[in-house]
Each structure stands twice: as structure tokens, then as C-alpha cells.
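6 protein chains.
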Amino acid sequence: MPNPELEGLSNFLYEMGLLKRSKRTGWLIAGVDNPETIAEHSFRTAIIGYLLARMEGADPCKTATLCLFHDTQESRIGDVPLVGKAYVVTAPNPQVTADQVAGFPEEIGQAVRELVDEYEVRESLEAQLARDADKLECLIQAREYQAQGHEDLPPWIETSAAALRSESARQLAEVCRQVPPRQWWKAFAESYPRAAKPSGESLRPVQEPSGRTHQDPSEPEGARRT
Amino acid sequence: MPNPELEGLSNFLYEMGLLKRSKRTGWLIAGVDNPETIAEHSFRTAIIGYLLARMEGADPCKTATLCLFHDTQESRIGDVPLVGKAYVVTAPNPQVTADQVAGFPEEIGQAVRELVDEYEVRESLEAQLARDADKLECLIQAREYQAQGHEDLPPWIETSAAALRSESARQLAEVCRQVPPRQWWKAFAESYPRAAKPSGESLRPVQEPSGRTHQDPSEPEGARRT
Amino acid sequence: MPNPELEGLSNFLYEMGLLKRSKRTGWLIAGVDNPETIAEHSFRTAIIGYLLARMEGADPCKTATLCLFHDTQESRIGDVPLVGKAYVVTAPNPQVTADQVAGFPEEIGQAVRELVDEYEVRESLEAQLARDADKLECLIQAREYQAQGHEDLPPWIETSAAALRSESARQLAEVCRQVPPRQWWKAFAESYPRAAKPSGESLRPVQEPSGRTHQDPSEPEGARRT
Amino acid sequence: MPNPELEGLSNFLYEMGLLKRSKRTGWLIAGVDNPETIAEHSFRTAIIGYLLARMEGADPCKTATLCLFHDTQESRIGDVPLVGKAYVVTAPNPQVTADQVAGFPEEIGQAVRELVDEYEVRESLEAQLARDADKLECLIQAREYQAQGHEDLPPWIETSAAALRSESARQLAEVCRQVPPRQWWKAFAESYPRAAKPSGESLRPVQEPSGRTHQDPSEPEGARRT
Amino acid sequence: MPNPELEGLSNFLYEMGLLKRSKRTGWLIAGVDNPETIAEHSFRTAIIGYLLARMEGADPCKTATLCLFHDTQESRIGDVPLVGKAYVVTAPNPQVTADQVAGFPEEIGQAVRELVDEYEVRESLEAQLARDADKLECLIQAREYQAQGHEDLPPWIETSAAALRSESARQLAEVCRQVPPRQWWKAFAESYPRAAKPSGESLRPVQEPSGRTHQDPSEPEGARRT
Amino acid sequence: MPNPELEGLSNFLYEMGLLKRSKRTGWLIAGVDNPETIAEHSFRTAIIGYLLARMEGADPCKTATLCLFHDTQESRIGDVPLVGKAYVVTAPNPQVTADQVAGFPEEIGQAVRELVDEYEVRESLEAQLARDADKLECLIQAREYQAQGHEDLPPWIETSAAALRSESARQLAEVCRQVPPRQWWKAFAESYPRAAKPSGESLRPVQEPSGRTHQDPSEPEGARRT
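One line per chain: the protein sequences are A, B, C, D, E and F, in this order.
Mapping of the first sequence onto the numbering used here: residues 83 to 308, in sequence order.
Mapping of the second sequence onto the numbering used here: residues 83 to 308, in sequence order.
Mapping of the third sequence onto the numbering used here: residues 83 to 308, in sequence order.
Mapping of the fourth sequence onto the numbering used here: residues 83 to 308, in sequence order.
Mapping of the fifth sequence onto the numbering used here: residues 83 to 308, in sequence order.
Mapping of the sixth sequence onto the numbering used here: residues 83 to 308, in sequence order.
FYI, nobody ran anything at the bench for these hints, they're computed from the structure.
Model, not experiment: these values are computed from the prediction.
Hints are supplied without guarantee of correctness; some may be wrong.
[Unchecked claim] If the Cβ cut is set under 8 Å, some of the chain C residues that face chain A in the computed set are:
id: 1; residue: R103
id: 2; residue: I111
id: 3; residue: D115
id: 4; residue: I159
id: 5; residue: V165
id: 6; residue: A173
id: 7; residue: P176
id: 8; residue: V178
id: 9; residue: Q265
Note that the Cβ used here is the ideal one computed from N, Cα and C, for glycine as well.
Start from the sequences and build out the full structure, keeping to the hints where you can.
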């Protein structure tokens, strides 16, 4: 018979699996048929939170962790969409979290509750940056859906940008609105015809798109079997 | 014209978007047609890492952050599946990361490189727990696919369990193998017929599945508009 | 500039499009990755309602129509899942409907509000049968997911069956639990090897699986160009 | 052993499940990869039929029911696409329906056959409006796919509009072509920044997008537990 | 203005794109929600045809090509499912092909028509083996869906096996029914824990699952940049 | 116990099933969420190869077969995307094939190895045309994704066009860039309103979009039961 506290942790991890199946509802309203999941959103939000904290001199790992947990309540309350704000009242997130971690070892449950409380009251710099990360992720995703052809995303971009509070998030949002999603791979695409030519292939160092020569991955000391 | 360092960060965030579209290849081999993405896997891995670190007395936010970045190189090298290990040699992850962050502000790029280095050398307790989190997430996902009917997942469960190094991860894995994915919502399901009965509805406090009475969400001081 | 009342109707029809993109959340909890939409559920619910009303001597077209509108509020309030019942309070469905039809021509809006009111108060026989149809559809869908391999559906089957009120719905549910989803096409499958044999094909009347000979569709008077 | 007539009904309900898995083929031709199902189309068609009948003084529940059954034969004959019209001859819909309901209790089977006959001969006002609803639904869906970026939908819009017979359907189609799919939620989106601001939240009545103040859903007498 | 004959070829290639979006309808009946496309089926059918022809001493490239074109008519007539055989009459495949290639350069159109004629009359050994390949592919796919948990596939396996005519196809089908889909990667999975261990990695030749030592991919003369 | 050589063939066929589940990674980079599979790409590539060989006087069935096998190694090495070229070294395709066919009857394994060798050394006209077919298929698919709204596909179109070597492939690519994907069905769409009109339907010969009158499919000698 399993240790009840370990079972509490196990139950929570299976509950988090639901966020890997749950679509973000805002995109459904915007006409995206098969949008990202809450888990996918949370992943990039946490990456963004880490970087914003580095830019603003906050604790980066703490900020990333606040991001990681910021939507974990949605396994129970769902992702109430913008058109639902006028019709739906939910229990406060800390209350949901308290129930989710009720079976945890006491000190671990307490730690998770404190993370969620910190995010919700929005007083610490880390919590404010985590909130900015949440909004910036939405803006970036909206830009990506635009590049797929979707026409109705400007409200998501405008609203997200307007909600940003930190200077770093605002500047980064501004750049994300100027730089197209394809920018990062354009250098690769331009170098591709050379790289792809069928004969005369060689394992000698290739010119990196970024302009730096990197180590030949066929060299034993640099290579590894993934 | 955008600030080049902000553009470097923006490029990275769009590159991370690819992990929201990229499926984990192992599940394709196992016969799962439309499996989880790398982003979804990374999300729950980071949650697990946080909890394992709490259990083992390591730094939980640091561990979660190591998890968050542990597969970020796969936007470039892909997710080489088990049947590819014999045929594919990839550049080391730190080299890929170095290229990904080459356009970052110097100190932020350095910080990300150090995170990836720490994870790859597997010397710190946090790095070892992050690796355990990666494996444990795989085990849990395999269990969830089993509950969907998939028959061919035992190798993923066995291999993941065998790779765990920390005592906490081993114990948690053992419990995750005993407890079915449905366990967390069974209490809700059992209370549902009462909750769902069409008349006599009331906003009075309901009995929580966990046995605790929680605050009535219709009470102004506890409620909030999400 | 469009007639405002026609615009009110048009807006509602585009709003209903959201139900073609919105997944039923209960199945996500049960582990179904890409489940049916609310629109799909409503379609078969209305078919069932029509048949139940025929069985019980109620108004079949009225019952089907009550079914058709029974979840139309979910474009605004979402499909609150069972694990959310304890945490979420929504505006009453009639209030949501009132807002949805506010721009309609007055008498049409009034008619839709009355349909929803009738369904919600559950006093008319038609409304009670529509509710039974809703539950029976859930049971049938759960049975179909079981045939796909999903293991965790018994709670949906049990709960749905237990919620049925009319004798006809109870009897039909009992049969749906005994008869497998494949039953309807088994007769076809058994006749397939004969029908599919590559030579000796003929357009002469084929033996219907149900045992009746039907008219040769190549006969001009019976055929039509779809 | 199940009652054979109930088994006939049960078989039909499982057969209708196929329409929840079957994509409308026209959209595949138009380049939509993962389009709506026949069940989803039928759902909104029936909603439209109800409204058109209200506008034209026809029987709204009857019209909705004709819509509901108008494609039920496609579980057997498929959805023959426009490029197939020149190559495929199908049995008449009434013949397919006759086979589908052959195992029903006699009077219920008779009723369903009469519904389909009525729709197919297109003589009653209700049948003509049901046909208009079918076409109008296609037009609306095409408009929604356009907002997703698809370029090749004008033929569906033109052909559907040209096929409409009733004055109400023509007027409504005209408005649906002027009003964008996003219109219904724009008022919500504009009110969102206020509603979403993280502090100063209150449960006091919010201003409805439609301009009317609605009852506070936290008030016990108005609220309900869904 | 494009050359009309090249335009005829171009049109055909875009028409073939529809087979990449069209699902095989039989699996929808069997309860598979999101099954393989006609293009995917045709791909493996052609691989099987090649191998069967090698086994039976027929022309392997000819057989593969017959397989490749065997369902190309379905862009126009759809994939009529087993339950539709009694209700649908289609133009003969050679007639559809004649229309599809009407704009081709004369001799190329003629060649494609002859391929389809040869397949349809089923007289040549190659045509008979192509038909067997079609059936065997169906059997193999059914087995794969079974490993995903689907329960209702035995009729597809039985019917496909019973339709096979050549000795080689019958023997191969027998083996495919005994050998599980996971067999091919089991050797890899068993060798994985060793290959995956995080330290002591080396680029020296690994032991192949098949037992043969293969060349080290890091050796310049053997390696290539894909 | 199965014959080991038949088991070798069976294993390969199940391995090929993985290509029906594996998405082409280039499209994921381009922002396409749910792109084509390797199997789908290979299907149309082989069709194109057949036609190019007819145009250039090469062996069409041989060319189609080379196309069919050209990506069969990707079940083991994956589809290394353009951004991975700088980071990933894979075993040569002939080596992968050698392992894949190691369990085959000797002469069949030898034949498959020779096909792959011929494709890889790119010396025969057939191999060069198969390579052109691979590139042309990519161009055509990119055009189709553009018609769905995707903005970032020009690099795929340019790079594919630039890689073409044969005159026929270059000319055909030029036409495919001028002719839109919708061209093939436009004639059908224009004839549809007539064909679809609900009364006065007849089974008499219809005017073919291509301008030729074809045989009435209801005539017994021309018709067949598919």
C-alpha cells in the first residue's frame, strides 16, 4: 500500500497531465482550431520569466518557478476565456492550490502554497515579472498564429502588450512585434542550398549561420551519442 | 531598428516556439499517433524537478530551471529516438546552447550556458535530480498512454524506472506505478451525482472530495473574478 | 450598413461556431486527448431527444430543439468539468442566453429564451427527456471511447445511467450497454468479402444486411445524383 | 437478450457516432487539413433552421428537426464531394434512411422516414428553409475558414449564397458576408483590459458588453452551481 | 501563360495532394478518430508490392508503380466505405483516370491509363500482387491500431487475409499476424539502457541490435552530413 | 514459430508504419502545426518521379521505386531539419538500409540495398530524377501551405526550385508556381450550381468539366460496384 504522502504527490503529477491535454480557450475564440495547451504556454512563460528576471536583476530561478505554477489551478477551474469573465466566478487560485496539495508532505505543500500566494498578490518583483512573462508569451504566440494566416489576433497582441509592467518586458515585446517569427531560422535557410548540395559533402567545420566557426561534431572529444 | 541583444532574445523565444510544435519521437515508435510535444514534457519535468528537490533537500527553483532548459537544444538537433542512437551523432548540447544564445546580452547568455553545462555534467545534486525528473516524467506519461489503451509501453516504463538515481525519485516512481492516473479525480467523480442533481442546488459550502470544507466561492471576500 | 437585428442573428451564428472548436472537458480528464466537440455532442443529443420523445409520447421536434440549445451557453461559460464543480460558479444559463440573444428581433429572442427556460426548469416532459438525452449521449460516447481502448470511462457510464429519469431512456441505456458500438456494421462487414470480390461484379440488387432486398440504385427511377 | 426494437434504436445511435468522426469532404478539397465533421455541420444547420423558420413564420422545431436529420444518410453513403458529382451515383436518401430505421419500432421508423421524405421533396416551407439553412451554414463556415487564412473559399461562399431560396436566408447571408466572424466577441475583447486588471477586482456587477447591466453572478439567488 | 500540357501535369499533382488530406473511411467506421490518409496507405502498399513481386518473381518496380496509382481515383470518387457498397455506384476507375489525365501530354496520359487498366483487370501477375499488397497493408495497419487499444479490428484483419491470392502474401500475412508491431524495435529498446548511460560515452562502434558491428558513423569516410 | 526471413520482412513493414506517424520537420520550423508525414511526402514524390521519367525518357517504374525508398531510413535517423544540418551527423543512408534489411531473404535485401545505393550516388538518370521529384514535391506542398495562409514558405519554394537539375523538373516547377492549387477543381466548382440544383435531376450523361462527354455511370456495362 503506497505511502499516503507519496500518493499525494503522484496524484498531483497525474493531475498536471491534464494541462498537457487542455487547450488555451482564448485561441479557440480567435478561430484557431487546434491551439496550444496550457502546459505548452507554461513552458515558454517560464523561459521568458527566467530571462526577464536576468534583465531586471530579479531571482531568475524563482521567477521561472512562479511561472511554472501560475496556471496549475486550471486543471480544476479550466481556462476561463475572455468572454466568460462576465459570467464565471471561480474560487481563488490559492484555495484551489491548497486543495491540490492537501495530500503532500506538509512542508512541500506549504512551499507550493507560498509560491502561488506570492504570484497572486503580485508584490514581489519576481511575481510581477512572472505576470509579465505570462502576457509576453501570449503576445509571442499570437504573432506565431498570425504567421500561420490567422487574421483575428490583434486584440491579443494589443491587450498583452498593454498589460506589461516592467521596462524589460515592454522593450522585449516591442522587439517581438518588429521581428518576425521566421527571423531565427532565416540564416539557416540561406545557408541551406550550400549545405544541402548532394556531392562534395565533407565533415570539415561548417560556417555557422551566426558567423562563428564551431567545432566539428565528428571529432571524438566534442561529439557525444545523444 | 531593434536593439541587437533584444533581437537575440526575441529570436530565442520564437525558436522555443518550435518545441510547442515538435512531438516526442519515442511515442511515435511506441505507436502513439499524436503524442505530447517537447514543451509539454518539459513543463511537467520541471514540476517534478521542483518536488524532487524539495524531497531531497536540494534547491527546488534551481532544479526546476535546469529541467526547463534540459531539452531546449532539440529545436536544432531534434529529438533523436532510441532507434536512432546507433546512427546519429549530434553536437554536444552545450555547443548548441552556445549558438542559441550567441546574440544574447553577454551575462544572460553566460548564465544560460552555465545552466546547460551544469545539467550536462550531472555533478550537482540539482542536475542529478533534474535528470531523474526527466525520466520520471517519461514513466508517468507512459502510464497515461497505457490508460488510453496503448499496449507497447512497458519498455518506456522499465527503462525510465531503471535510470532513476535518487531515493526520492525511486520511491515516487514506485507509487506512480501503483496508483492509476485516474486516482486524483475519482473522489470528484464519486461526489458528482450529488453535485450534479438538477434541483435543490445551492451555493452553500460543498464537501470537498479531500474531506475538508472549503470556503463558499460565492462569498465576496473569498471569490475573485479570474 | 447591416440591419442591426440581422447582425444580432449573424453574431449568434458565428458565436455558435465556437462550439465546433470547443472540446468537452470531461473526456480530457478521462484521458482522451482529442475528444468530441460540444457541437458534436449536441447533434447526437438532439437525435436521441427526438427518439425518446417518440417513445414517451412527448413532442419530438420540441424535444430535439431543447436538446439543440441545451449547451449553447457554453460558448461563454465554457464546459465546466466535474472537478471544477467545487470551484466555479457560473451565471445561470437563462441569463447567458438573454445576453446572447439581446440583439435579436424581439420575438425571436423571446422564443429562444423560453426554450432555455423550459429546459432549465425541467418541468415539461420534453425538458426532462432532453435532459435524459444529454445523459444518454454521454453514456454512448463513453462506450465508444471504451472500444478505442480507453480504460477510465466507467464513472461516466455509471453516472450517466444513474441520472436517467424516464423509463424509455433507462431501457435504451441498458441496451446500449449490452450492444457493442460495432453491432450496426457487423452485418455489412460479414457481407463484405462477397461484395468486394473483384470479378463477377454486378449491378443487380444486392442482399441488404437487414435481409431485405432493396432497389438497385442503378435504376434511373430510383437513383439520383446527390 | 436485448429487446430487438431497442437494439434497432441503439444501433442507429452508434451509427450516428460515425458522423462525429467523418469530415466534410468539400473543405478537404479547399485545402483545409482537419475540417469540421458532419455532426458539427448538422448542429449549426439546425440552429440556423430554427431561426429562419422563426423569421419566415414556419414551424421552427419542425425545421430544426429536418435539419438535424438532413445528412444522417452520410454514415452509409459518405459525403460525396463536388468533384465526385460526375462520377458517383448514390441510392436515394429515403432508401438509405429506410434501411437505417428498419429495426426501429414501426411507428418511430415511419416518423423518421417521413421527416427525410419531407426534406427530400422540398415542398413544405420547412423543408425549403432547412435546405437554406444547410447552404447558409456552409457559407458561414467558409467565412470562418477565411479568417483562419485559407484563400480558396470564395467558390463555397458564392455557390452557397446563390442556392438560397427564402428572403430571410438571403438577407441573413448578406449580413454574414459583411460582418466578420470576430464581431461577436469584439465588445468583450475591448472590455477585457479593465476586467483583467490584477488589483481592485470586485464582484460588483460588471458592465455587460451589450451595454446592459446584468445581475451579479455571486448573488445566491441568481447563481447556480453548473 | 503556362504550357497547357505542363498545366495538365501540375493540376494532377495538386489533385494528388487531396489524398494527403483524405482519411481512409473504413477506420472511421471501426472507431479510429484520426486515421491514416489514402496517401499513407498507398505509400506502404507500394513498398509491400515491391517486396511481394521480389518474392514471386514478378517485376518489382512495375508492381510498386501499380500500387502507387491504385487509389488515385479516390480524389474524385472518395473512399467508399464498406457500409456504402450497397448504396453507391461509382464510375469505373479507368474512366476517372481518363478524365484526370485528359490534359497530359498524350503519351504520358496513355501510359497512366494503361497502368490503371492493368491493375483493374487483374490479369497480370503484377496486378494480382498489387491487389494483394493493398489487402496486406490493410491487415498490417489494423494490427497497428489494435496495439493502440482499438477493439473492433478483427473484421478488417480477417477480410484482408481472406482476400489474398498469392502464396507469398498469404505467408507474409500469417507472419504479420504472429509478430507484434513492436518486434522491430524491441532489440533497440533492450540495448537502450546501456546506450543511454550518461557517462563513459564513446564513439567507438556500437553493437548493432541485429548482432552485426557496423561502421562508426564518426569516421569521415563513412559519415555524411545529411 | 515464424520463418525468420518472413519475420525480417514483416519487421520492416511495421517499421515503415513509423513513417505514417512521423511529421516532416521542415514544416514545423515554418510554423505549420500539424504537417504532412514522411509517408505522404514519399507517395507524391513517387508519383512525380514516375511522370518526370516519362518526360525525360528514363525508366518510370524504376524512378518511382527509387522515390518510394528515398526516405525509408528516416524511421531510424529521423528527418533532420535544416537548422540541424550544422549539428547532426548521421550514418550514411546505405548503412541504415543495410541494417533494416539484414533479416530479409538475401537476394531481396541485396535488391533494396542496390536501390538505395543508386539513389544516393546520384549517377543514373533515374536517381537524378528521383532527387528532382523529392525537391518538386516539397515545392508543391509549400504552395499548398501558402494557400492555407502560411506566410513563411518562400524559402522552401526558392530552395527547392534552385535544387532542380532536369529540364522537365524545372519547367514543371515553373508551372506549379504559376498555377494555383485550386486550379484543378475550379471547373468542377463552376459546374456545381447546375449539378446541385435540387429538382430536375437526371442520370443522363453530364458534361464533363474537361469538355468531354463521358459515359453515364448508371449504365450497367460502364458501372461497377466499387
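task = So, C/V165 near chain A? Judge it on the closest CB pair being under 8 Å.
result = holds (5 Å)
message = Interface hint check: C/D115, Cβ to nearest Cβ on chain A, cutoff 8 Å. Holds or violated?
response = Holds - the Cβ of C/D115 comes within 8 Å of chain A, reaching about 6 Å at its closest.
key: Cut-off 8 Å, beta-carbon criterion: hint that C/I159 touches chain A   = At 5 Å from the nearest chain A Cβ, C/I159 passes the 8 Å test, so the hint holds.
Closest C-beta approach of C/A173 to chain A relative to 8 Å, hint status = Nearest chain A Cβ about 4 Å off; hint holds.
inquiry  = Let's test the interface hint: is any C-beta of chain A closer than 8 Å to that of C/V178?
reply    = holds (6 Å)
ask   = Can C/P176 be said to touch chain A, with a Cβ gap under 8 Å?
value = violated (12 Å)
Restraint check, 8 Å cut-off on beta carbons, for C/R103 near chain A = holds (5 Å)
key: Minimum beta-carbon distance criterion (8 Å), C/I111 to chain A   = holds (6 Å)
request  = Mind checking the CB of C/Q265 against every CB in chain A and telling me if the closest is under 8 Å?
outcome  = violated (30 Å)
This entry does not satisfy hints 7 and 9, going by the numbered hints stated previously.
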